[in-house]
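Make a model of the complete structure from these sequences and hints.
Chain by chain, the residues run as shown.
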Amino acid sequence: MGDFLQGLSMVTNFSTVFWCAFGSVLGIILGALPGLTATMGVALVIPVSYNLSNTATGIGLLLSVYCGAVCGASIPAILLGIPGNPNAIATVEDGQLMTRKGLAGQALGGAVIASMIGGLGSEIFLIFFSPLIARMTLAFGPAEKTTLALVGLVIIAAVSGKNILKGLLMGALGFVFAFFGKDPVSGIVRIPFADLLRQTPLANGFDMTSTLIGLYGVSQVFSEIPNLKKTQDRVVAANIGSVFPPLRKIGQMWKIILSSLGIGTLVGAIPGTGASIAVFMAKNAATGICDASKGKLEKPGTGCLEGVFAPEVANNAVTGGALIPALSLGIPGDSATAVLIGALMINGVTPGFALFSQNMPLVYSLFITLTIANIFMGVFQLAGVKVYPKVLLISQRLLMPIVLILSFIGSYALAGSSVEKGLFNVGTALFMGLVGYAMKKNGYPLAPIVLGLILGGMFEEQFRKAMKLGAGTMSRFVSSPICWVFFLISVAIVVSTSVKNRRENGK
Amino acid sequence: MKRILTVVLTAVVAISVVFAGGSSESSFPDPEKPITIIVPQGAGGGTDLQTRTLAAAMEEITGQKILVENVTGGSTGTGTNQVIDSPADGYTLLMYGTYVVCGTMTGNTIGHEGLDFISGLSMEPFMIAVQKDSQFKTLDDFIKYAKANPGKVTIGNAGATATTGVVAYGLDVACGKVFNVIDCNGGAELIPYVIGKHIDAGIFSQSEVKSNINDLRPLVFLGSGHSVVPEFAKVPNLKEAGYGDLTVPAGCFRGICAPKGTPDAAKKWLANAFEKAYKSDAFQNFLKENGLLGPFTKLDKFEA
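Residue numbers (this note's numbering), protein chains in the order written: chain E, 51 to 557; chain P, 665 to 968.
None of these hints come from the bench; they were simulated from the model.
Careful: at least some of the hints might be erroneous.
[Stated by the list, open to error] Residues of chain E clear of chain P, computed beta-carbon distances all greater than 12 angstroms:
no., residue
1, Gly312
2, Ala433
3, Pro531
4, Ser548
[Said to hold, decoys possible] Derived lysine-lysine pairs resembling DSSO-like cross-links, with alpha carbons at most 30 angstroms apart:
no., chain 1, residue 1, chain 2, residue 2
5, P, Lys924, E, Lys471
6, P, Lys874, E, Lys518
7, P, Lys903, P, Lys816
8, E, Lys299, E, Lys440
9, P, Lys841, E, Lys518
10, P, Lys811, E, Lys518
11, E, Lys518, P, Lys924
[Said to hold, decoys possible] Coverage of chain E stretches by chain P, computed from C-beta distances (three or more under 8 angstroms per stretch; other residues unrestricted):
no., segment
12, 69 to 83
13, 113 to 124
14, 229 to 239
15, 400 to 411
For each residue, glycine too, the CB sits at the ideal point set by N, CA and C.
Next comes the structure, spelled out in C-alpha cells:
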C-alpha cells in the first residue's frame with residue numbers, strides 16, 4: 051500500500067496530468083492521420099519525454115500517445131474507409147458501411163467506447179499478471195532469454211510482410227545495426243574503417259532513438275513525396291448524427307466484448323505479434339458469436355456496431371497485453387512497445403524482475419498513468435468527435451514537412467549539449483530514413499528491423515553469457531526445457547509460414 | 665486555415681532556431697541551460713538511483729534543470745570519457761565512483777587525471793550473497809565446495825571492471841582460480857540470475873541485497889566492522905568468516921566530478937548546491953534506507 055501511495059504521489063501533479071492530456075490529443079490526431087503510425091508517434095515524443103523532470107510524467111506522455119494513436123486510427127477508417135494506421139484495418143469494413151447508412155456518429159462513438167473497454171480491461175490483466183510473470187521470469191537465465199529473443203524475431207518476421215524470408219532478412223539487418231559500436235564484453239570498437247572512424251560518435255554505435263525516428267518518421271515522409279503532387283479531394287461526411295450508441299446494444303454484445311478483450315490481450319502479450327493480427331482474429335470470433343446468437347446480434351460485415359466493436363476492443367486490448375512482456379522481461383509485444391522499451395530505458399526504467407522487486411512505486415505510477423491515458427483517450431476523442439474529422443482535411447504537403455522537421459529536431463535534442471553527437475544523430479535519422487524508404491519501396495517490412503535492433507544487443511549479450519555459464523559448451527541450452535520449447539516454436543513458425551508463403555505464391 | 669498553419673509553423677521554426685543559437689555565458693549557471701549528470705552505469709542500479717535522488721533534490725532546491733543520462737559500456741570508461749571530452753563549463757558532470765578507478769586500470773579512460781573533484785557523497789558496502797535455499801550456508805562452505813569442484817561454481821558481478829567485478833576476480837585469484845566468474849550488465853541483471861539460480865552467488869551492494877531480502881541470503885559483509893542496517897547486523901565480516909587475509913574492495917565510493925579545467929566559480933556553485941541537496945531530507949532518507957555511509961566532502965583532492 052505504501053508503494054501504491056508513493057506511486058500515486060509521483061503522478062498527482064499538474065504537469066503529469068497536463069502531459070497525459072497533451073499526449074492523448076496528439077496521439078488521437080497522429081492516429082487519425084493516414085500514414086502516421088502509433089510507433090512513429092511514440093518515437094517522435096521520446097525527446098520530449100526525456101526532458102520532463104519526472105520519470106513518471108515522461109512515461110505518462112509516451113503511454114498517452116500510444117493509446118491515443120491506436121484509438122484515433124478508427125476515425126478515418128470509419129469516415130473515409132482508410133485506416134489511420136494498421137490498428138484499424140479491420141474496422142474499415144463495418145465502419146464505412148455504417149457511414150453510408152448515415153450512422154457515422156454511432157460508429158465513431160462506439161469505436162471510442164470499445165477502445166476504452168479494451169484499454170482499461172487489458173490493463174486489469176497487466177496489473178494482475180505482470181508481477182506474477184516478473185516472478186516467473188526468474189526461470190529465465192541467459193540461455194532462455196537468447197531463445198526467447200529468437201522466437202520474438204521469428205514471429206515478427208512471419209507476420210509482417212508476405213514473405214518470411216524478407217522478414218528474417220530485415221530482422222538480421224536489425225541485428226547488424228545493433229552490433230555497431232563497442233563490443234559489450236571486450237569494449238573493442240566494431241565498425242567499418244575503425245581506424246578512421248573511432249574518434250567519431252559512430253564508435254558508440256547508432257543512437258537507438260534516432261534510428262527509430264529515421265525508420266518510422268523520416269522514411270514515411272520520403273514515401274509520401276510522390277503523393278504530394280496529387281490534389282487531395284477527400285470528402286468527409288458532414289452530418290455525423292448521434293454519437294452515443296444505445297446502451298442496451300452494448301449490453302447485448304458482452305460476449306463479443308469479452309472475447310475481443312481476451313484475444314487482444316493474449317495476442318498483445320505474445321512477443322513480436324501486434325494489433326494487426328488481433329483485430330482480424332477478434333472479428334472472426336465475433337462472427338462466430340453472432341451466428342450462435344440466433345439473430346439477436348447482427349453479423350460483422352453488414353455495417354453494424356458489432357463489426358466496429360470487435361476490432362476496436364481488441365486493438366486497444368493489445369496495448370495492455372503488449373506491456374506485459376515489455377515490463378516483466380524487456381521483450382516488446384509489438385513495434386510500438388519496442389520503441390516504448392527504448393524510451394523507458396532512456397527515462398531510467400530498466401524492465402525486468404529488478405523493476406518489480408526494487409521499484410514498485412514506479413510500476414504503480416506507470417499503471418496509474420496508463421489508466422489516465424485510457425480515460426483521457428476516451429474523453430478527448432468523444433468530446434472532439436466532430437472536430438477530429440477536420441484533421442483529415444490537412445494537406446499532406448503541410449504535414450510531411452512538419453514531420454520531417456520534428457524528426458530532425460527530436461534526434462538533435464536527444465544529444466543534449468554535444469553538437470557533434472547531435473549532428474551525428476540527425477545524420478543517423480536521415481540515413482535510417484533512406485534505408486527505411488528503400489526497404490518499404492521494395493516490399494521489405496520495417497517492423498522486424500526494429501525488433502532486431504532492440505533484441506540484437508540482448509541476443510548477443512545473453513548468448514555469450516550462456517556460453518560462459520556452460521564453460522564454453524551449449525550445455526545451458528541443452529539442459530533447459532524452456533529453451534527446447536522456444537526452439538521448436540521457432541522452427542515450427544518458420545516451416546509453417548514458408549509452406550504458406552509458397553502456396554500463396556503458387557496461386 | 666492553411667495560412668494560419670503556415671504562420672504557426674514558421675513561428676515554431678523561428679523559435680527553435682533562436683533556442684538553438686548560443687547564449688553568452690556570463691555567470692554560472694545559466695538558468696536556461698540544463699546541467700547533465702552522466703551515470704556511466706545502467707539505469708535502475710544503485711548508482712543510478714542515488715544520482716536520480718540527488719538530482720531531483722538539487723533541482724528542487726536550486727530551480728536549475730538537472731538531467732541524468734546513463735552512458736554505459738567500456739567498464740564505465742565510455743561515460744567517463746564522454747564527460748572528460750565535454751566542454752569544461754560545469755554543465756556536464758560525472759557520477760564518479762570506485763568503478764572509474766577500475767575503468768582506468770583497464771585502460772579505457774584516463775580517469776581522474778581528466779577530472780576535477782566536486783564532492784564526495786557516500787560509501788556503499790558490498791556483500792556476497794546466494795539464493796536463500798542455496799546449499800551454501802557460509803562463505804567457508806562456498807569456497808571449500810568451489811575448491812573441490814574447480815570451474816563448476818559460478819559467481820556473478822555487476823560488470824567485469826565494476827568494483828564488484830574486482831571483488832569477484834580478486835576472490836577467484838585468491839582461491840586459485842576455481843570459480844567461473846560471470847560478468848553481468850549491472851546489478852539489475854545480476855539479481856534475478858542469482859535468485860533464479862542461474863548463477864550460484866553474486867557480489868552485491870548492500871542495498872541490492874536489502875531490496876531482495878526475502879530471496880537472497882548474505883554470506884559475508886565485506887565492509888569494515890558490521891552493517892548499520894539492522895537486518896544485516898549479524899552478517900559476519902571477512903575476518904569472522906575465516907578469511908581475514910583476503911583483500912578485496914570493501915564497497916563503492918561515490919561522488920561528483922567535472923571535466924578538468926572547469927572554472928572555480930562554477931565548481932564552487934556546484935559544490936554548494938550538491939551540499940544542500942545532500943542535506944535534503946529526501947537524500948538523507950535515501951542514504952539511511954540503503955544503509956549508506958557519508959560523510960559529505962567537497963572540492964577535495966582525489967584520494968585514490
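Hints, verified against the model:
1. Gly312: Per Cβ check, E/Gly312 is outside 12 angstroms of chain P; nearest 29 angstroms; holds.
2. Ala433: The claim holds: E/Ala433 sits with its nearest Cβ about 21 angstroms from chain P, beyond 12 angstroms.
3. Pro531: holds (14 angstroms)
4. Ser548: holds (34 angstroms)
5. P/Lys924 <-> E/Lys471: holds (21 angstroms)
6. P/Lys874 <-> E/Lys518: Holds, because 28 angstroms separates the two Cα atoms, which is no more than 30 angstroms.
7. P/Lys903 <-> P/Lys816: holds (26 angstroms)
8. E/Lys299 <-> E/Lys440: holds (29 angstroms)
9. P/Lys841 <-> E/Lys518: OK: P/Lys841 and E/Lys518 at ~15 angstroms, within 30 angstroms.
10. P/Lys811 <-> E/Lys518: holds (19 angstroms)
11. E/Lys518 <-> P/Lys924: violated (39 angstroms)
12. 69 to 83: Our answer is that it is violated, as 0 residues pass the Cβ test (under 8 angstroms) against chain P, missing three.
13. 113 to 124: Violated: only 0 residues of the segment 113 to 124 of chain E have a Cβ under 8 angstroms from chain P.
14. 229 to 239: holds (count 5)
15. 400 to 411: holds (count 8)
Hint check: violations occur at hints 11, 12 and 13; the rest are consistent with the structure.
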